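Student: Sequence order for the protein chains is A and B. My numbering numbers the first residue of the first sequence as 161 and each following residue consecutively. My numbering numbers the first residue of the second sequence as 161 and each following residue consecutively.
Just to be clear, a hint being listed does not mean it is correct.
Treat identical chains as interchangeable: a pair holds within one or across any two.
[Said to hold, decoys possible] Derived pair list, reagent style DSBU-like, types lysine-lysine, alpha-carbon separation capped at 30 Å:
id, residue 1, residue 2
1, 177, 194
2, 421, 177
3, 241, 301
4, 177, 301
5, 421, 194
6, 301, 421
7, 194, 301
8, 241, 177
Calculated directly from the structure, the hints in this document are not laboratory data. Since we're looking at a predicted model, the values are computed, not measured.
Chain by chain, the residues run as shown.
2 protein chains.
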Amino acid sequence: MHSWVDGLPVDGLSSLKDRGLAYGDGLFETIAVKAGHPLLLELHLQRLALGCSRLAIAADHVLIRSELLAYAQQMGDGILKLILTRGDSQRGYGASPGAQPRRILQASPSASYPQANARDGVVLFDCATRLSEQPLLAGLKHLNRLEQVLARSEWQDPAYAEGLMRDTSGRVIEGVFSNLFLVQDGRLLTPDLQRSGVAGVMRAALLAQAARLAIPCHITDISLEQLQQADELFVCNSVYGVWPVRAFADLSWPVGPLTRKLQGIARTLLDV
Amino acid sequence: MHSWVDGLPVDGLSSLKDRGLAYGDGLFETIAVKAGHPLLLELHLQRLALGCSRLAIAADHVLIRSELLAYAQQMGDGILKLILTRGDSQRGYGASPGAQPRRILQASPSASYPQANARDGVVLFDCATRLSEQPLLAGLKHLNRLEQVLARSEWQDPAYAEGLMRDTSGRVIEGVFSNLFLVQDGRLLTPDLQRSGVAGVMRAALLAQAARLAIPCHITDISLEQLQQADELFVCNSVYGVWPVRAFADLSWPVGPLTRKLQGIARTLLDV
Chain A
161 MHSWVDGLPV
171 DGLSSLKDRG
181 LAYGDGLFET
191 IAVKAGHPLL
201 LELHLQRLAL
211 GCSRLAIAAD
221 HVLIRSELLA
231 YAQQMGDGIL
241 KLILTRGDSQ
251 RGYGASPGAQ
261 PRRILQASPS
271 ASYPQANARD
281 GVVLFDCATR
291 LSEQPLLAGL
301 KHLNRLEQVL
311 ARSEWQDPAY
321 AEGLMRDTSG
331 RVIEGVFSNL
341 FLVQDGRLLT
351 PDLQRSGVAG
361 VMRAALLAQA
371 ARLAIPCHIT
381 DISLEQLQQA
391 DELFVCNSVY
401 GVWPVRAFAD
411 LSWPVGPLTR
421 KLQGIARTLL
431 DV
Chain B
161 MHSWVDGLPV
171 DGLSSLKDRG
181 LAYGDGLFET
191 IAVKAGHPLL
201 LELHLQRLAL
211 GCSRLAIAAD
221 HVLIRSELLA
231 YAQQMGDGIL
241 KLILTRGDSQ
251 RGYGASPGAQ
261 PRRILQASPS
271 ASYPQANARD
281 GVVLFDCATR
291 LSEQPLLAGL
301 KHLNRLEQVL
311 ARSEWQDPAY
321 AEGLMRDTSG
331 RVIEGVFSNL
341 FLVQDGRLLT
351 PDLQRSGVAG
361 VMRAALLAQA
371 ARLAIPCHIT
381 DISLEQLQQA
391 DELFVCNSVY
401 GVWPVRAFAD
411 LSWPVGPLTR
421 KLQGIARTLL
431 DV
């Protein structure tokens with residue numbers, strides 16, 4: 161399926177003056193689409209709006225929503241990627257006052273991960289690449305993603321389905337393309353993303369569902385030592401849902417009941 | 161003048177699958193061109209090669225050099241921007257094994273800064289945006305530049321020609337688009353860029369020239385308090401050369417003799 165740029169089908173090309181290319185000056189969302197419906201759309205749009213607010217990108221959110229719905233309708237099933245940039249500008253970091261944000265929609269086939277990831281759990285690679293601490297950008301799904309590119313390049317062995325990333329102070333933050341949850345004494349813990357990391361849409365959905373089910377949740381700083389004490393561990397994102405984590409470095413965990421419960425919830429959220 | 165993508169003139173368009181757009185997965189150089197000659201070319205190419213090595217981008221540096229020379233020849237005078245990305249890939253942070261790095265060359269008119277900047281010195285804005293600390297990326301001119309975009313958006317008042325950026329630990333690092341030098345007791349000091357910052361080509365050129373002239377130089381961590389004790393302060397880059405700094409916050413400096421000396425050297429380097 162053709163990509164759309166600003167609502168029009170294009171042949172895979174965009175402007176060379178785009179600040180997304182020049183500086184990574186923009187945001188993106190990766191949205192699972194089933195039977196023509198973009199899943200978890202409201203949460204994706206909320207995060208996008210937060211990013212636009214923090215980066216001062218004056219996007220038309222009504223238009224973005226209607227384009228996402230129309231594009232997903234044509235896709236049927238797959239992964240919809242939205243890239244929203246600040247638009248074109250002349251040379252230099254300062255944005256042109258008249259810059260029009262650019263909307264790029266791209267379709268990919270549905271992700272095909274091994275079924276064993278969800279069933280038996282995954283092993284996490286121990287990434288040496290650390291996440292830098294930048295409160296102004298933390299949580300956002302912005303286009304400055306060299307740390308994830310470097311981290312993902314650290315392993316090729318398919319025995320590792322994901323990699324665990326810490327920040328430069330050593331806190332456990334997230335997977336390269338997932339968020340992380342711990343279960344301890346019947347309680348959910350997930351890393352605080354005020355300094356680094358991407359606040360994933362599935363993370364937000366699971367936190368909301370857990371609150372609805374009165375499962376205690378705690379967003380906090382998490383150390384490597386705390387991983388050791390966890391009863392269960394899992395990673396999540398808005399494409400694959402929940403994968404139990406069965407091992408990381410010399411640690412291992414069983415696939416526990418709370419992980420299975422939240423995996424079931426994620427599955428429901430990714431169904432139409 | 162048309163931009164070139166991979167050596168061919170194009171009508172301002174590049175691939176939507178480019179990892180430069182998707183993740184800021186690439187590098188750039190901004191090169192002054194005079195009478196058809198790209199200035200400080202060897203230093204630009206050295207920094208680019210270091211970036212390619214650190215990011216594992218397998219670029220053809222012989223081809224890049226010859227393209228820069230040919231493009232500059234056609235430009236005559238102006239600013240040549242090279243963007244080198246890892247090339248296209250499918251969705252996901254992992255690069256496709258067959259990805260071909262993409263070369264983008266763009267021409268802009270020569271920068272037109274007020275003559276007073278070089279003559280009388282500039283006032284620096286005090287940027288609230290801090291540089292995050294990421295040793296894996298520090299020094300490189302990579303495409304992840306949201307911190308500079310945010311910092312540059314902090315002021316519109318043309319009374320400030322540049323902004324001063326500190327890192328998240330409070331160290332003085334650089335300008336938004338310049339490097340910084342202090343003069344103290346006849347000695348040059350410039351911030352260490354092992355954790356953050358862009359190691360500018362003019363900075364490298366001035367350090368080399370100072371060494372040749374036996375002017376003592378020290379690359380070190382610099383605090384705000386040390387600015388106060390400096391006899392002279394200046395900023396530099398490979399487009400405008402050297403601007404004395406006459407004020408920042410409640411501090412001020414005279415335009416001193418070592419600044420004028422290095423300004424003269426920079427002017428020579430940017431002449432053909």
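Student: Look at each hint and say if it fits the structure.
Tutor: Structure-based check of all given hints:
1. In the homo-oligomer, the alpha carbons of residue 177 and residue 194 lie at most 30 Å apart only across protomers (23 Å), although the nearest pairing inside one protomer, at 34 Å, exceeds that limit.
2. For the identical chains of this complex, residue 421 and residue 177 are neighbours neither inside a copy (47 Å) nor across copies (37 Å), given an alpha-carbon limit of 30 Å.
3. Taking the closest pair of Cα atoms, residue 241 and residue 301 come within 30 Å of each other both inside a single copy (12 Å) and across two copies (27 Å).
4. In this assembly of identical chains, residue 177 and residue 301 lie within 30 Å of each other by CA distance both inside one copy and across copies; the values are 22 Å within and 18 Å between.
5. Taking the shortest alpha-carbon separations for residue 421 and residue 194, only the intra-copy value of 22 Å comes in at or below 30 Å, while the best inter-copy value is 66 Å.
6. For the identical chains of this complex, residue 301 and residue 421 are intra-copy neighbours only, at 27 Å inside a copy versus 46 Å across copies, given an alpha-carbon limit of 30 Å.
7. When the C-alpha separation of residue 194 and residue 301 is checked against a cutoff of 30 Å, the pair qualifies only within one copy, where the shortest distance is 22 Å, while the shortest distance between copies is 40 Å.
8. With identical chains, the CA atoms of residue 241 and residue 177 are at most 30 Å apart both within one copy (21 Å) and between copies (11 Å).
Violated hint for the displayed structure: number 2, the only one.
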